[in-house]
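Letter by letter, the chains look like this.
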Amino acid sequence: MTPPQRRRRYPKEEFTEPPRERPPQEGEEDGEEEDPKNPGRLYLLTGGGEAGERADLDLVTLIVARADAPTPTTQPEQSALLRLCQAPLSVAELSAYLNLPFSVVTVLLTELLAAELVQARAPIVRSALPDRSLLEAVMHGLQKL
Amino acid sequence: MDFKSSETITGPRAEDHLPHTAQAAVKIVIVGGFGVGKTTMVGAVSEIKPLTTEETMTQAGIGIDDNYGSETKTATTVAMDFGRISITERLVLYLFGTPGQERFWFLWNGLFEGALGAVVLIDTRRLEVSFDVIGRLEERGVPFVVAMNTFPDAPSYPIEDLRAALDLSEDIPIVQCDARRRASSRDVLMTLMHFLYSLTMSQAHT
Ligand SMILES: Nc1nc2c(ncn2[C@@H]2O[C@H](COP(=O)(O)OP(=O)(O)O)[C@@H](O)[C@H]2O)c(=O)[nH]1
Ligand SMILES: [Mg+2]
Chain R
1 MTPPQRRRRY PKEEFTEPPR ERPPQEGEED GEEEDPKNPG RLYLLTGGGE
51 AGERADLDLV TLIVARADAP TPTTQPEQSA LLRLCQAPLS VAELSAYLNL
101 PFSVVTVLLT ELLAAELVQA RAPIVRSALP DRSLLEAVMH GLQKL
Chain G
1 MDFKSSETIT GPRAEDHLPH TAQAAVKIVI VGGFGVGKTT MVGAVSEIKP
51 LTTEETMTQA GIGIDDNYGS ETKTATTVAM DFGRISITER LVLYLFGTPG
101 QERFWFLWNG LFEGALGAVV LIDTRRLEVS FDVIGRLEER GVPFVVAMNT
151 FPDAPSYPIE DLRAALDLSE DIPIVQCDAR RRASSRDVLM TLMHFLYSLT
201 MSQAHT
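Top line first, the protein sequences correspond to chains R and G.
FYI, the UniProt record's numbering numbers position 16 of the first sequence as 16, with every residue one higher than the one before it.
FYI, the UniProt record's numbering numbers position 97 of the second sequence as 97, with every residue one higher than the one before it.
Footprint (simulated), chain R over chain G, 3 or more residues, beta carbon under 8 Å: (1) 14 to 26; (2) 123 to 133; (3) 196 to 204.
With beta-carbon atoms standing in for the labels, derived distance ranges: (4) V175/G with H140/R: 15 to 23 Å; (5) T74/G with D56/R: 20 to 28 Å; (6) D167/G with E111/R: 42 to 50 Å.
Which stretches of chain G does chain R cover? Using the computed rule of at least three CB atoms under 8 Å from a CB of chain R, they are: (7) 48 to 55; (8) 77 to 88; (9) 111 to 119; (10) 153 to 164.
The hints are simulated quantities; they were obtained by calculation from the structure and are not laboratory data.
Note that CB positions come from ideal geometry on N, CA and C, so glycine has one too.
Just chain R, same shape as in the assembly:
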């Protein structure tokens, strides 16, 4: 029995190409991808594409409430957030516990960061040449599992 064969994609498909959600409609040019007016870009729901308005947060950025933070916020979501991150918690965990999409949580956190009510601890992301001691630390940690 032979397994099905993967075929490499040549030429390289443009990876920013948007998913095609529906078949072309009547009167629509077939070459729509080339039309700069119709970028068909994907947006995060609350993002609207205005980058810069939101803090640069990763799923695994750790958020922790500042010890001296008062609790003045009016929004119930934000007080809930502040309560949750008394100890460090990733943005992904905050999203899960609050039952809110990731992008909504980042909007709430942007305000809390601006008000200096929480602190963000940036993740270590993969670089061209990952740090050997980092990899060793992870291996050592996994070994203990």
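Take the given structure of chain R and dock chain G with the ligands to it, following the hints.
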């Protein structure tokens, strides 16, 4: 996904709190088709019960500029399960189980690129569902290993036949696993880490 009012929010259990010394996190992505065992693998190694995060993405339709009112938007909600492993007092590892057929994930900047690497989980009964994701990881230069989950009624191919079928070069590890077992899932992650380590070493010498 509705916000739960404060009273109904259950935060982490006391034993699930990270220490205040936790300074930074890293992530590994586990990709694969529906039912291939992603959540099982996350749960097998995670120190917390797997949680779910969601994102809603909209695709801007055609004719937004010149055709008010008839603009079409399609919203897609994508969900992924994740778990956590504390590596040291300062470092935390997160594992995300990400549906492989979702091209949307690759438009989420940073989800894959920021990850240390990826595990492509495959089910030999439905090998083709992982073809697309392998191509995308290659295009984006995300290092990955392949783990074959062992289902009782799944055909068993020799590793080298799988390598040929998936068109993977010699250096990419392909391992067999049982995602339900912690030790087996841990070994898959370890294989990925050793692979990343060897990549780093070989790059350091060039
Ligand atoms: N026999 C066997 N069953 C598995 C294994 N891993 C997962 N399963 C089962 O396969 C089903 C789907 O697994 P799940 O983790 O939910 O898949 P996901 O959709 O990729 O997250 C569940 O019923 C699991 O118990 C495995 O290694 N061996
Ligand atoms: Mg799942």
